[in-house]
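Colleague: Protein chains in written order, with my numbering: chain G, 223 to 488; chain F, 223 to 488; chain D, 223 to 488.
Identical chains blur together in the list; that is why a pair holds if it fits in one copy or across any two.
With a straight-line cut-off of 16 angstroms between C-alpha atoms, the simulated EDC-like cross-links for lysine to aspartate or glutamate are:
| hint | residue 1 | residue 2 |
| --- | --- | --- |
| 1 | LYS261 | GLU293 |
| 2 | LYS445 | GLU310 |
| 3 | LYS450 | GLU468 |
| 4 | LYS445 | ASP308 |
| 5 | LYS448 | ASP308 |
| 6 | LYS479 | GLU393 |
| 7 | LYS353 | GLU421 |
| 8 | LYS445 | ASP325 |
| 9 | LYS315 | ASP385 |
Read the hints as simulated data drawn from the structure, not as lab findings.
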Amino acid sequence: MKKPVAQLKPSGIITLTTDFGYHDTFIGQMKGVILSINKKAKIIDITHHITPFCIDEASNAVSSFYKYYPEGTIHLVIVDPGVGYDREGVLIKWQNQFFIGPDNGVFTSILMKAPAETIIALTNRKYFNPKISNTFHGRDIFAPVSAWLSKGISIFEFGKPLDNLAKLNIELPNKSCDMIIGHIQHIDNFGNLFTNIDEELLKDRNFVIIINNKEIKPVSTYKEAKNKGISCLINSSGYLELFFYEGNCANLTKLKKGDTISVRLK
Amino acid sequence: MKKPVAQLKPSGIITLTTDFGYHDTFIGQMKGVILSINKKAKIIDITHHITPFCIDEASNAVSSFYKYYPEGTIHLVIVDPGVGYDREGVLIKWQNQFFIGPDNGVFTSILMKAPAETIIALTNRKYFNPKISNTFHGRDIFAPVSAWLSKGISIFEFGKPLDNLAKLNIELPNKSCDMIIGHIQHIDNFGNLFTNIDEELLKDRNFVIIINNKEIKPVSTYKEAKNKGISCLINSSGYLELFFYEGNCANLTKLKKGDTISVRLK
Amino acid sequence: MKKPVAQLKPSGIITLTTDFGYHDTFIGQMKGVILSINKKAKIIDITHHITPFCIDEASNAVSSFYKYYPEGTIHLVIVDPGVGYDREGVLIKWQNQFFIGPDNGVFTSILMKAPAETIIALTNRKYFNPKISNTFHGRDIFAPVSAWLSKGISIFEFGKPLDNLAKLNIELPNKSCDMIIGHIQHIDNFGNLFTNIDEELLKDRNFVIIINNKEIKPVSTYKEAKNKGISCLINSSGYLELFFYEGNCANLTKLKKGDTISVRLK
Numbered sequence: 223m224k225k226p227v228a229q230l231k232p233s234g235i236i237t238l239t240t241d242f243g244y245h246d247t248f249i250g251q252m253k254g255v256i257l258s259i260n261k262k263a264k265i266i267d268i269t270h271h272i273t274p275f276c277i278d279e280a281s282n283a284v285s286s287f288y289k290y291y292p293e294g295t296i297h298l299v300i301v302d303p304g305v306g307y308d309r310e311g312v313l314i315k316w317q318n319q320f321f322i323g324p325d326n327g328v329f330t331s332i333l334m335k336a337p338a339e340t341i342i343a344l345t346n347r348k349y350f351n352p353k354i355s356n357t358f359h360g361r362d363i364f365a366p367v368s369a370w371l372s373k374g375i376s377i378f379e380f381g382k383p384l385d386n387l388a389k390l391n392i393e394l395p396n397k398s399c400d401m402i403i404g405h406i407q408h409i410d411n412f413g414n415l416f417t418n419i420d421e422e423l424l425k426d427r428n429f430v431i432i433i434n435n436k437e438i439k440p441v442s443t444y445k446e447a448k449n450k451g452i453s454c455l456i457n458s459s460g461y462l463e464l465f466f467y468e469g470n471c472a473n474l475t476k477l478k479k480g481d482t483i484s485v486r487l488k
Numbered sequence: 223m224k225k226p227v228a229q230l231k232p233s234g235i236i237t238l239t240t241d242f243g244y245h246d247t248f249i250g251q252m253k254g255v256i257l258s259i260n261k262k263a264k265i266i267d268i269t270h271h272i273t274p275f276c277i278d279e280a281s282n283a284v285s286s287f288y289k290y291y292p293e294g295t296i297h298l299v300i301v302d303p304g305v306g307y308d309r310e311g312v313l314i315k316w317q318n319q320f321f322i323g324p325d326n327g328v329f330t331s332i333l334m335k336a337p338a339e340t341i342i343a344l345t346n347r348k349y350f351n352p353k354i355s356n357t358f359h360g361r362d363i364f365a366p367v368s369a370w371l372s373k374g375i376s377i378f379e380f381g382k383p384l385d386n387l388a389k390l391n392i393e394l395p396n397k398s399c400d401m402i403i404g405h406i407q408h409i410d411n412f413g414n415l416f417t418n419i420d421e422e423l424l425k426d427r428n429f430v431i432i433i434n435n436k437e438i439k440p441v442s443t444y445k446e447a448k449n450k451g452i453s454c455l456i457n458s459s460g461y462l463e464l465f466f467y468e469g470n471c472a473n474l475t476k477l478k479k480g481d482t483i484s485v486r487l488k
Numbered sequence: 223m224k225k226p227v228a229q230l231k232p233s234g235i236i237t238l239t240t241d242f243g244y245h246d247t248f249i250g251q252m253k254g255v256i257l258s259i260n261k262k263a264k265i266i267d268i269t270h271h272i273t274p275f276c277i278d279e280a281s282n283a284v285s286s287f288y289k290y291y292p293e294g295t296i297h298l299v300i301v302d303p304g305v306g307y308d309r310e311g312v313l314i315k316w317q318n319q320f321f322i323g324p325d326n327g328v329f330t331s332i333l334m335k336a337p338a339e340t341i342i343a344l345t346n347r348k349y350f351n352p353k354i355s356n357t358f359h360g361r362d363i364f365a366p367v368s369a370w371l372s373k374g375i376s377i378f379e380f381g382k383p384l385d386n387l388a389k390l391n392i393e394l395p396n397k398s399c400d401m402i403i404g405h406i407q408h409i410d411n412f413g414n415l416f417t418n419i420d421e422e423l424l425k426d427r428n429f430v431i432i433i434n435n436k437e438i439k440p441v442s443t444y445k446e447a448k449n450k451g452i453s454c455l456i457n458s459s460g461y462l463e464l465f466f467y468e469g470n471c472a473n474l475t476k477l478k479k480g481d482t483i484s485v486r487l488k
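So here's chain G without its partners, still in its complex pose:
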């Protein structure tokens, strides 16, 4: 049940999803800003290994984890090549959670599920760092706003309401009578290939993936495919995934992000 924004209490948890990496001190600077405002904030690193400048990757990441967090959690999502130039910073209330980041499409994946209930353009400098750089709004705007929000400041205090958010053009799978044409959307740490083909498209249907004129039948666990080469299943995020049992499917097949995947329904 969606709560009116006035009744949504912050959980005290702030998650971070960025392309800042783990080598530099950018994340350390942001955490210092947050803790200087709210020493009790619980900061959770989702990942800082989003490919640099890759807005769609950040967007896909968001829709994979938000739902596991308690209501009132604040999610910072910062992949921001346009920082300081021509995009707004925004604070969104969506499905009993808060999202903060640049208005450049990083929230596309959740906005495709449902519209944002409240959008605020971040304009109230009272909640920013005293000195604001042109190149690191993560530290100077998004971090302090998240910390003040986590302390219970009303979202309407942070700026002026907006009607719309930037969205990326997302290529959805193409479904004809017995074929679905999708693509590889993500390659995980194991080399598993996540497609953009949602389990809803395959519900109650038998199907095979076609690769090099070979039919690959789905299994339900990884180990069922032991010694069977490339295989596929519906993964824990609800998407069709290609994998190789105890192997790196991306390396073995040379398939890469964006490559087409064809599914035949039976």
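Starting from the structure of chain G, add chains F and D where the hints point.
Modeller: Leaving out everything else, chains F and D in the frame of chain G:
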């Protein structure tokens, strides 16, 4: 002193050791599940860079850090190529700490020190996520079980007692009258080569490592080996280690995990 | 305003900056030691990807993040090739914050801003681990000292006052009438090249960077340089930085740490 399981109170700390890497949101999903059940849980990342599918590496990791944690700490250890297929999920009480993970050998290193005092096969779905995937029990079973356990639920609530746990076949060093033959067990971030030769085997003895017919004498600190090429010492985990002062011993020697190391006692 | 050391209360936050990497359990061991002494400590990873043995990189990191933390925060900085051999371990009170690490130059960057107000050589074994290895003082000395300090133990309890600290020889930019000659000090996750040329040197002046006889004019945001090749700006840390919009400047220019950068004032 070992406490009876009924008297062992959770410390509120949950540690994570996995092969999930830092690029994906798997860890972020697990942390959300834990915090949704116990917002006060203190989650500590040990490492998510275990080599994918490498159960023995996870097992070795566990025995290197558990003892530094307060009693009642919960250690999640998840390297799980057989997820959803043919292994149980288990919860173990061992030496005043709790361990949770797949029953596939990830706990071998601690079980070699002492048997588990209580083993529970995780079967009570009341403490699992409502929807359980076949491919991510870390999120759907182990994370929620750890969170409920950290809130004080009795370990006997989570399933049925088991008598035995899976163990890997571990090759121990071979000791004859004046020789010890071991192998390289781990290569650390500095390129230092950890052998499986425990300091107990070398206690009160003079010794040298033999490499390419050269004798390498042990030192007691890294810097003693400045400008002296490859050297060795007993490291902070109590194992014989080969190193190169301010250099990367693995790269310089081309030695790798599993390679044989010979020690002559004097 | 600087507080006398007796009035500086610990914030409960302990930050970690090391060259230990994310593959091993070294950090996990240290966190266990800290939490066993002070379960309420808030441990923040700044980075563990300092280049192994690279003391100047750790020193530069420290000055980039300390100021964002609340007063009374404890910063552990551990790049320590001389561990156990010929350097002291120290605890410093500087500008309302505490710093702990080896006395080998890791604190040079902050000491160039102002002298340490109090320096303590860590000698009181009461606050160390019971067993002290020769190769991992991070776990056996610095971690427990930080935890006890975070609980309010007076810094004078940990050892004896020292007058001086080791400092690295830092090459500062060379300024003549209309030229500044500096060098590349850091390459960040995006391939941006941080120079050691501070904005103070460029204040109220027009300037260009000279590379291959070409003049590169500064911009104020990254995106202004879209489709313009290599560009420069004053970055969020207050240093002159070379970058390439949505590209990796280090890879594209082959410039590397230590390379000379020439600026002409206009």
